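Colleague: Here are the chains, one letter per residue:
There are 2 protein chains.
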Amino acid sequence: MSRLVLAFDLGGTNVRCGILNEQFEILARAKCAVGTRPAPSEAVKKMKQIAEEALGNIGKKSGEIACVGIGSPGPLNSQTGIIFETPNLGWKDVPLAKLVGDALGRPAFLENDAVSACWGEHVKGVGVDIQSMFIFTLGTGVGGGLILGGKVWKGPDDIAGHLGHMIVQPNGPTQVYDNPGSVEALCSATACIAAAQNAAYTYPESLLAKIPPGEITGAYVNACAEKGDEPACEIFRRIGYHLGIACASIANALNLELGVIGGGLSAAGDKILVPLRKELRRRALPPAGKRMRIELSKLGDDAGLVGAAGLALERLDGKQ
Amino acid sequence: MSRLVLAFDLGGTNVRCGILNEQFEILARAKCAVGTRPAPSEAVKKMKQIAEEALGNIGKKSGEIACVGIGSPGPLNSQTGIIFETPNLGWKDVPLAKLVGDALGRPAFLENDAVSACWGEHVKGVGVDIQSMFIFTLGTGVGGGLILGGKVWKGPDDIAGHLGHMIVQPNGPTQVYDNPGSVEALCSATACIAAAQNAAYTYPESLLAKIPPGEITGAYVNACAEKGDEPACEIFRRIGYHLGIACASIANALNLELGVIGGGLSAAGDKILVPLRKELRRRALPPAGKRMRIELSKLGDDAGLVGAAGLALERLDGKQ
Chain Y
126 MSRLVLAFDL
136 GGTNVRCGIL
146 NEQFEILARA
156 KCAVGTRPAP
166 SEAVKKMKQI
176 AEEALGNIGK
186 KSGEIACVGI
196 GSPGPLNSQT
206 GIIFETPNLG
216 WKDVPLAKLV
226 GDALGRPAFL
236 ENDAVSACWG
246 EHVKGVGVDI
256 QSMFIFTLGT
266 GVGGGLILGG
276 KVWKGPDDIA
286 GHLGHMIVQP
296 NGPTQVYDNP
306 GSVEALCSAT
316 ACIAAAQNAA
326 YTYPESLLAK
336 IPPGEITGAY
346 VNACAEKGDE
356 PACEIFRRIG
366 YHLGIACASI
376 ANALNLELGV
386 IGGGLSAAGD
396 KILVPLRKEL
406 RRRALPPAGK
416 RMRIELSKLG
426 DDAGLVGAAG
436 LALERLDGKQ
Chain H
126 MSRLVLAFDL
136 GGTNVRCGIL
146 NEQFEILARA
156 KCAVGTRPAP
166 SEAVKKMKQI
176 AEEALGNIGK
186 KSGEIACVGI
196 GSPGPLNSQT
206 GIIFETPNLG
216 WKDVPLAKLV
226 GDALGRPAFL
236 ENDAVSACWG
246 EHVKGVGVDI
256 QSMFIFTLGT
266 GVGGGLILGG
276 KVWKGPDDIA
286 GHLGHMIVQP
296 NGPTQVYDNP
306 GSVEALCSAT
316 ACIAAAQNAA
326 YTYPESLLAK
336 IPPGEITGAY
346 VNACAEKGDE
356 PACEIFRRIG
366 YHLGIACASI
376 ANALNLELGV
386 IGGGLSAAGD
396 KILVPLRKEL
406 RRRALPPAGK
416 RMRIELSKLG
426 DDAGLVGAAG
436 LALERLDGKQ
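Protein sequences appear in the order of chains Y and H.
Add 125 to the 1-based position in the first sequence for this note's numbering, that's all there is to it.
Add 125 to the 1-based position in the second sequence for this note's numbering, that's all there is to it.
In short, the hints are calculated from the structure, not lab data.
Treat the numbers as computed from the prediction; the structure is a model and nothing was measured.
It cannot be assumed that every hint is accurate.
Which copy is meant is left open, so a pair is good if it fits within one copy or across any two.
With a Cα cut of at most 25 Å, we get these calculated BS3-like pairs of lysine-lysine [said to hold, decoys possible]:
| # | residue 1 | residue 2 |
| --- | --- | --- |
| 1 | Lys444 | Lys276 |
| 2 | Lys223 | Lys170 |
| 3 | Lys171 | Lys186 |
| 4 | Lys415 | Lys217 |
Construct the complete structure from the given sequences, taking the supplied hints into account.
Modeller: Here it is as structure tokens:
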């Protein structure tokens, strides 16, 4: 009989949960707001509530699930289950896996949200049957995850896979860290919005200038580009170009089979993918560049839930 | 009883061989020139001659060696033992492992020279007891090799580890491939010499301008820097800076324990390492940057021989 897994996707404002079977079908869902800077115990209480709500929808109890997987923004340690810091939630050194596991009476496992999304695409999305792949999640920052030879690669300090902190333009802008020209500083939604605000100022006839700069979102820039607005299109070409440079470095260093582009900004689709693939093919050694497909996330918002469930089962079974 | 391995290090002008025991001590050596664009059969004949010379020095015959390892410039496929192309030797699709194995009557294995050097440092050099590490070999080009979890990582097409083709300055100069601003285009001996020729023109008072531009070598630039010549020092600072950017990308993506700097230009030592480490520490996520030591090659010219021997034994034993 197929086991059930409970998965959480912890975001800055909401926490979502799903009940999945071993085929990674989502049988039930629930979500709620986490509130502003909640105490960890308060957040865990809410996580328990939505878990019971989702379980109730399919007539199950927490004792019937095999394990719990939690995808969360980091930095965190997936081996100890401790979240070191979450700027949005205001947490420091919270042993979330233990707290959630104790609350639900089942073994619980924690993983970085982008790594979870990468594993989700590997088991149920665009990376099924692929053994070596990576993901870029284009959100407020740029998350990354790496699967080598069918296993998540995290390195000796559990911090590998931060591909958003690879450097593509060393004299470029800085985002959070003192690492100018990182993928994150050039290709995140935050970077996209900053570029759009600049373009609105430089090109007052652009659609980007039709709303107050403070209201520009990645989705709005995409909508402008969809209407053929040249400054908006150029922003996505630059994002694709810079992602393509990072992908070429990854191809030449690691010879992977697949790169997945996910996160909110990936809604721009071919506006990013076409220049990305062009730069990748140009710069990668031919066998490495030919091998590495670049595709959009197939699971979208569910990639993290599916991957958190999948990795929890892997770890319960001692496979990772 | 310790097995014996015969190892070759195939260069553009010379081929060297060594007889090693399982502790990777080099018990005997021999070398010869390979000549200009030799037929593969001619080169194999010379390789057999120097092998017999080295074996004779310790009173052994080829039947007494366990296997043969060959480190060679690529591109090549280590699984099929075929060299696709060697610009210097003028070879195309030469099944070198088979040719050498047949000539000596022992199983023979082929590997990229930089990957061999990386493995050499892993088993006998600066990377002993290190499970996850990489190498940059600074020569005519910049070779690379990658060891993850105690095994060479080559990827599905046997081409991973080409770290010299990672990008650090996308608008930078181009070397062989259309991949501007690669590590190779900025940090190879070739790039060093080009920078020195430019500097000699710009700063006629520099020691770099004391000899004809066509006679400048990496060793000469190093000698000038040793004497405090500022334009020469600046060239090594720039090389260290660009290597540091690449190392930061590697640390953030892979969280490795060690990076080794080898090849002829590594003779510049701290003149490269100091700016390299500074840029790495600045840009790497703290746990990844703190973890990753950067050290000079310990084995120098012997790294390739030791690694070719070590990898041949690994493969003979089915470990890789």
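Colleague: Can you list which hints this structure breaks, lowest number first?
Modeller: none
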